[in-house]
Amino acid sequence: EPEVTQTPSHQVTQMGQEVILRCVPISNHLYFYWYRQILGQKVEFLVSFYNNEISEKSEIFDDQFSVERPDGSNFTLKIRSTKLEDSAMYFCASTPSRRGGVDTQYFGPGTRLTVL
Amino acid sequence: GDSVTQMEGPVTLSEEAFLTINCTYTATGYPSLFWYVQYPGEGLQLLLKATKADDKGSNKGFEATYRKETTSFHLEKGSVQVSDSAVYFCALSVEYNTDKLIFGTGTRLQVFP
Numbered sequence: 060e061p062e063v064t065q066t067p068s069h070q071v072t073q074m075g076q077e078v079i080l081r082c083v084p085i086s087n088h089l090y091f092y093w094y095r096q097i098l099g100q101k102v103e104f105l106v107s108f109y110n111n112e113i114s115e116k117s118e119i120f121d122d123q124f125s126v127e128r129p130d131g132s133n134f135t136l137k138i139r140s141t142k143l144e145d146s147a148m149y150f151c152a153s154t155p156s157r158r159g160g161v162d163t164q165y166f167g168p169g170t171r172l173t174v175l
Numbered sequence: 002g003d004s005v006t007q008m009e010g011p012v013t014l015s016e017e018a019f020l021t022i023n024c025t026y027t028a029t030g031y032p033s034l035f036w037y038v039q040y041p042g043e044g045l046q047l048l049l050k051a052t053k054a055d056d057k058g059s060n061k062g063f064e065a066t067y068r069k070e071t072t073s074f075h076l077e078k079g080s081v082q083v084s085d086s087a088v089y090f091c092a093l094s095v096e097y098n099t100d101k102l103i104f105g106t107g108t109r110l111q112v113f114p
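Protein chains in written order, with my numbering: chain R, 60 to 175; chain C, 2 to 114.
It should be emphasised that the hints constitute simulated quantities derived from the structure, not laboratory data. You may find that some hints are simply not true.
[What the hints assert, rightly or not] In silico DSS-like cross-links for lysine-lysine, where the CA-CA straight-line distance does not exceed 27 Å: (1) C:K61 with C:K78; (2) R:K101 with R:K137; (3) R:K116 with R:K137; (4) C:K78 with C:K57; (5) R:K116 with R:K101; (6) R:K101 with C:K69; (7) C:K78 with R:K101; (8) C:K53 with R:K101; (9) R:K101 with C:K61; (10) C:K53 with C:K69; (11) R:K142 with R:K101; (12) C:K53 with C:K78; (13) C:K69 with C:K57; (14) R:K116 with R:K142; (15) C:K57 with R:K101.
[To be verified] What follows is a list of derived Cβ distance ranges for each label pair: (16) C:F19 with R:K137: 38 to 48 Å; (17) R:H69 with C:D3: 30 to 40 Å; (18) R:D121 with C:S15: 42 to 52 Å; (19) C:D3 with R:E144: 42 to 52 Å; (20) R:T64 with C:S15: 33 to 43 Å; (21) C:T21 with R:Q76: 38 to 48 Å; (22) R:P61 with C:P41: 19 to 29 Å; (23) C:E17 with R:E77: 49 to 59 Å; (24) R:Q73 with C:T21: 41 to 51 Å; (25) R:D121 with C:T21: 32 to 42 Å; (26) C:E43 with R:L89: 17 to 27 Å; (27) R:K142 with C:A18: 40 to 50 Å; (28) R:D130 with C:A18: 40 to 50 Å; (29) R:E77 with C:E9: 17 to 27 Å.
[Claimed, not checked] Beyond 10 Å from chain C on every Cβ pair, some chain R residues (computed): (30) V63; (31) V71; (32) T72; (33) Q73; (34) Q76; (35) I79; (36) V83; (37) N87; (38) H88; (39) V102; (40) Q123.
Glycine included, each C-beta is placed from N, C-alpha and C at the ideal position.
Could you put together the complete structure from these sequences and hints?
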């Protein structure tokens, strides 16, 4: 069964450094998402992406964050200058269509980001 | 704003025990409701869903009924197995023209033989 993959599984970085988290969505999917979960807190929506542009973003997704689909298969989340509070598990998801959440979002296993 | 509240874990049960994980929600519109499960080392997987009031979602022996009057979507299973040990997330999606999911904090279930 096709699945969403994410790399790396764990990323450790120094505060102020740039990080890029990578995701490979399911190949025929058109809508892509990033979520994050700070330890002990809720899974939070960050951004959704369709047709090479952001379709929705949350308040968390400020100018330090950006997303890109550079080559038609990868979907990346970049954090320009990491802060301690960016430490979290980041989940990528994809779905073939957009029907108000009724269609299943397929999630990757997550990347744990630790900012020191 | 829209939100989901789940019971805190961990929930620890013996094999074949009855499971209930409580989930309540607050939403301004007419939400669709979901349960996702995360097994160790894996991504979030959709377990079941319900899109309107009184609908019952079911999968792998798990059930949840969309109760609009109590704004709840409690997850139940009659007889848990060790293989059900995982983290369970309740989630909702509210508006037709937005596709984001709003999650609860997750509840860890540990089943012992």
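Discussion item. Output the indices of the hints that this structure fails to meet, ascending.
Written reply: 19, 29, 30, 39
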